[in-house]
Every structure is written in structure tokens, then in C-alpha cells.
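Chemist: One line per chain: the protein sequences are A and B, in this order. For any residue, its number in my numbering is found by taking its place in the first sequence, counting from 1, and adding 149. For any residue, its number in my numbering is found by taking its place in the second sequence, counting from 1, and adding 443.
A couple of the hints might just be wrong.
30 Å max Cα-Cα, derived DSS-like pairs, lysine-lysine [claimed, not checked]:
no.: 1; chain 1: A; residue 1: Lys558; chain 2: A; residue 2: Lys543
no.: 2; chain 1: B; residue 1: Lys559; chain 2: A; residue 2: Lys431
no.: 3; chain 1: A; residue 1: Lys204; chain 2: B; residue 2: Lys476
no.: 4; chain 1: A; residue 1: Lys460; chain 2: A; residue 2: Lys220
no.: 5; chain 1: B; residue 1: Lys559; chain 2: A; residue 2: Lys460
no.: 6; chain 1: A; residue 1: Lys548; chain 2: A; residue 2: Lys456
no.: 7; chain 1: A; residue 1: Lys456; chain 2: A; residue 2: Lys328
no.: 8; chain 1: B; residue 1: Lys559; chain 2: A; residue 2: Lys215
no.: 9; chain 1: A; residue 1: Lys188; chain 2: A; residue 2: Lys328
no.: 10; chain 1: A; residue 1: Lys456; chain 2: B; residue 2: Lys476
no.: 11; chain 1: A; residue 1: Lys357; chain 2: A; residue 2: Lys377
no.: 12; chain 1: B; residue 1: Lys559; chain 2: A; residue 2: Lys535
no.: 13; chain 1: A; residue 1: Lys456; chain 2: A; residue 2: Lys204
In silico negatives: residues of chain B with every beta carbon more than 10 Å from chain A [what the hints assert, rightly or not]:
no.: 14; residue: Ala514
no.: 15; residue: Arg613
no.: 16; residue: Gly682
no.: 17; residue: Val686
FYI, nobody ran anything at the bench for these hints, they're computed from the structure. What you are looking at is a predicted structure, and each value in this text was computed from that prediction instead of being measured. We put the CB at the ideal spot given by N, CA and C, even for glycine.
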Amino acid sequence: MIRNTLARLAVLMGAGGLAAAAATAGSAAPRHVSAAPIKIGISLSLSGDFSDPGKFAQQGYKLWAKTVNAKGGVLGRQVQLIIQDDASSPTQAATNYQNFITKNKVDLVFGPFSTLLSAPSAAVAHRYGYAFIEPAGGGPAVFDEKLNNVFFTQPAPVIESGDVFANWILSLPKSQRPKTAAYPALDDPFSSPIADRIRGILEKAGVKTVYKSIYASETTDMTPIVSKIAAAKPDAIIGGTQAGDGYALVKALVQAKYSPKFLFLANGPNSPGEFPSKVGAKNVNGIFSASDWFPQARNPGNPAFVKAYVKAYGGTAAAIDPGAAEAFAVGQVVEAVAKKIGSIDNTKVIAALHKGTWPTVEGVLSWNAIGQPQGQDLLVEWIGGKLYPVAPAKVALKKPFFPKPGWGK
Amino acid sequence: MHEVVQAVILGVLVGGIYALMASGLTLVFGIMKVINVAQGALVILAAYLSYALFSHLHIDPFLSILIVTPAMFVLGVAVQLIFVRSLRGPDASDLSLLVTWALALGIEGVLSVIFKTTFRVTSPSYADNSWTIFGYQVSEVRLFAFVASAVLLFLLSLLLTRSRFGRSVRATVQNPTAATLLGVDANRVQTLSFGLGVSMAAAAGAVYGVIYPFNPGSHYDLISRLLSIVVLGGLGSIGGAVVAALTMGVVESLVAVEIAPVWSSFSFFIVLIVFLLVRPQGIFGLRERTL
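The task is simple: from the sequences and hints, build the whole structure.
Modeler: So, in C-alpha cells, the structure goes:
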């Protein structure tokens, strides 16, 4: 009996996972004003798997509310955020939005963290005719529903975030481009499509694929994959990674003593506060990644945002998580649209946002009919131990540096 | 061929660490019939302790085994006394699943609050070094981890075969009733053994953090692998767990290289299912007799 129980358990537990539930509520206290405040409902992952990024989003939202209220609010009304914890659960997030709209009677809703939670939440908002301006749901699941109320406040959909790298490679003289490439990718809707898109572009341009594989999310050991890649000796390694596997991939490459001429990872190297400590500060140089935001970016309101963030939360500009900027941008969009149309009526807001361009700390945004942003992400690269945007040229702070130096250089 | 040999080297080195983790799990099961599904979480807890010792006090992660292991032994003894000992009756084994699962979730929750959910790696200066031997790459930390695991498993086997406590443990595994009749203090043996099982997780955790990035949720993947290993090795058999761990390490690595990485984690379960069909008692397990 025990053996049977255990055997079943062993087989089934691979997908196991539970999140502790805790409900917390926060709000940015409004000043006393005569007009009723604008109530904005936001479900955030303040506990569970996404609690860290959820808290960055919370920082961004609260900072925007504080900033805009200090300026007199939106349309002369103070902004009041009603933030509810969803414990990183998509079901709870959807329930929270249902409650915001039907019980709290909020004027507006802002998006939660991640595609997983944004997709069902956007559907709830759509049902009630609410605009769903959201900072972190950029995966296919959000756009596949083809909802007209979604507006993703990053420069590009997640799966297109690597296009900027592929385009930069194509901008190089043919003699300097990689001739061969390897594409290891995480089995994840936000990771492998990024590598696939880059592969499509590079193969068309004649870059031969010498290795491609998908690995499961529970893969902790990247060394067998890297030993196979090293044997194929590619000029470029393009990893469709998330954070943990990205770190493991770099460490395995270092241990295998294989340093390609070009190394692009979709995620991992784009966390300036985390990456050097995970892979060794001496191993970061020459590694590319994509990012939607950068502290030094000259986007509308960005210098003021960075200054206000550091003042409010401490730390340095370099340590600000893009998640805070993405959430701040949501508020900026609302501020701009309200100013333009003189209303926060959701139907009018949705109609207005489908036209024109909208200045935010994430850049000047515009969306297609289903809320996909029409810009492109930044190509970032570690140069001299620091992360810099290196493309597109008009926003770059340094020129791309290649070929990648060997490990430890 | 070069790739295959390289994969086998990687698999054996990884298997050694799995063996250390699984030895504690199978030891506890052998003595108490308790399935400690918190073993993975305890490994991760030890990885965090070792990480904290390295980050704040600059204590080498391999040296930290000497601190983390006794500390976690005490924790294991406390867990057994508080949560596990009170489980009695025919459902005790099944109930132990719930109790230890709750413990795992509790550990995960506390670690998430203290250390957040971002990935951590313990990175001593030699973390990225590797030797090239006949053209094959052998990572220093993985070899150190393998050697540390082998030494600890050897010490565990000495303890079980050459000491009075070890004789009591083996007697309790073979026939608890007879052992008690002959004067073995079953409660004491169970408590100390649980502590010993947890301390094996602790030692493995200290080295795990040097090799893999981890976060509080990493224990889910770990425990599913460990349960597969102890079932494959034969429940309660430490030798079986070691052989199974090495086998699984090599199979996982070979599948990643020769077939596809996406199948490598799943290969654990395929091997398990096949084994359960052809030899349900595992490699070294004894067939249960039924009346």
C-alpha cells in the first residue's frame, strides 16, 4: 500500500505546487479634495510565486498615484488605488477584478503581474467594458483572445523581444555575422517563441542552425545541454531563457570553457541587480539580452520617475526593477488619455487609446487592435561589468561590443 | 562517443549528490515507514543556510557542511519529536505524507519571506573552474560535491554497520517488534534516525546551492526525483538508493544529450514506471510477503 502510494506520488508530484494565500490591501492615501476620488482597482501578486515582481509593480503604481496626486490628481480628482493580493493565483486575480467592478464600483482597473494572471483578468474587464491597461501581460495568452480593451505598456509583445537582436545581427556586414547558431530554449510560452523568432530571421539570412532544443521547466542541470552545444561549436548561442535557467546556462558554459562569439539570452542578463552575482561578475561581459526599460532612458518622464523612485524607495537608479517602470507607465497612459479626452469613461478611453501615440517612461507607445504594442525592445549588453542599451541606435548609450570576450575577461 | 562519455561523467557526478539526499529519505522510511516528502524542502533550507553563511560570514560552502549538518540534525530531531512521533496506528505512514508535506510548504513559505523568491547561487571563487582531462570537462565543484557525498555516505554506512546505534537501526528496520523485545529503545532510534536523515539532506543542500540556482520553490522538482530514486532503489535500502541515484543521474544526462533535453526530467519517471512493472520491489528491495 505504501509502495503504491509512494509510486503514485513520485509520478504525480512533478507538477506539484501550492501557493499560500494571504490577503492584504493597500492604498495610496488621497489628499482631502472636494471631488470624489478616482478609484482604481488593481490585483497584485503580493504573496506566492510572483510576490517579488508583484511588489515591484506595486511600487510603480503607488509612486504614480503619489506623483499624480501631488500634481492635483487626474481631471482635478485625487487618485485612490485599491490594491488586493491575488496570491499569484489567476483565479483569485479574476475574482478580484470582478469584485473591483461589481462591489467596489471602481472607475478604472489596472493590470496585475504576468500573462498568467492578466489573461483571465482582461476577460473579466472586457465583460464589463473596462479598459485593461496592463504592465506585465505581454505573452500570447493575453493577445490570443483578441480583446479590444487590452493595452500592454511595454514597447513590444514578449515573444518579439528578441527581434532587436536579430535585426542588429542583420545590420552587420556579412563577414562579421555568425555563420552558425545554437538555440536552447525553455519549454515556456514566453521563452521558446523568442528563440524561435530569432532563428526564423537568422536562418533566412543564411545563419546555419547547428543545435536547437527545448528543455522542461524543471531542468536544473544545463551541463548536458551545454556539452552538446559545445561539441557543435556554434558562433552564436541564442537562449530562450527565463532567469534561473539563464543563470544555469551561463555557469555551465563557463565550466565547459566554451565562449561563443555572440551570446543572447532572452532573460537573466537583463536583471542588472541579479545577473553578476549569479554567474560571477567577471563572466558577464559581451552577453546580450533584451529589456523594455532602462534607468538612463530619455523616455518621457523617465528622469523624474527615476529620481522619485530613488527618493521614495532608496537604492540606486541601476537597481530599479523594470517592473516598477512598467506599472508607472500604466498610470502615465491614463493621465495622458484623461487629459486628452477630458474623461475617464472606459468606452471613451478604449476608443482614444487605439489612436495616436502615448508618451510613457517605457517609450512612446501605440497599440494595434488587440493591444499589442507596436515598438521594439532595447538590446542590452554587458560591457565593462555594466549593462547598457546598445540598440536601437537612437536610444543606445554604447555601441554593441563583439565578438564576446572569453570567460573571465 | 565523446558526448556520451561526457554525459556519463556529468551524470555520475550529479547522481552522487542525489544519492546523499535520497539516503536520508530511504533511511527514515526503512526505520519508521515515514515518507518524508519534506526532504526536498530540507535540502533547499540547507542550501539557503549555507548561502547565508557564505554571503555574510564568508564561510566556504563545503566547510559549512560542518555547521549546517549538526544544526539540521537538531532540527530533524525536533521535527520528529513534535510532528512525527505522535502519528500512530495503521494510517501513520499515510498521515506522515500530509504532515511532512505541510512541513515542506511551511519551510517554503518561511524561505520566501526571508530570502524572497528570486534565484540564489552560492558562488565561491572556484565555482566556475573545471579541469580538462583527456578532452573531457570535469567541474571542480561537482567533483568536490561528489567526493563529499561519497565520504558522507561512507561515514553513514560505518555508523550503521560498526556502531551500537547502527545495529539498533538495522534491527529496527528488519523487525521492529523483535528489536523492541531485545531492548532496543525504538523511540530513541526513530528520533535519532530522523535527525540523521535530515542531516543527510543538509549536507547535500550545502553543496546543491553551489551547483544549481535555487529558490524556495525548487523543492518540488527535487522531491519528485528523490521519491523516484528511493522507489527504484528499493524502499529502505541505502545501497539501492545510491545505485538508483547514480543510474538516474546517468540516464537523465544521456537522454538530454542523445535524445532531447525536454525528455531528460521525464526519463526519471519512465525508468520508474518500467521498473515498477518488471521489478516492483526496486533494485535492492525485498518483495513484500502477503498471507
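Chemist: If you check each hint against the structure, which ones fail?
Modeler: Hint check: 3, 7, 9 and 10 fail, others pass.
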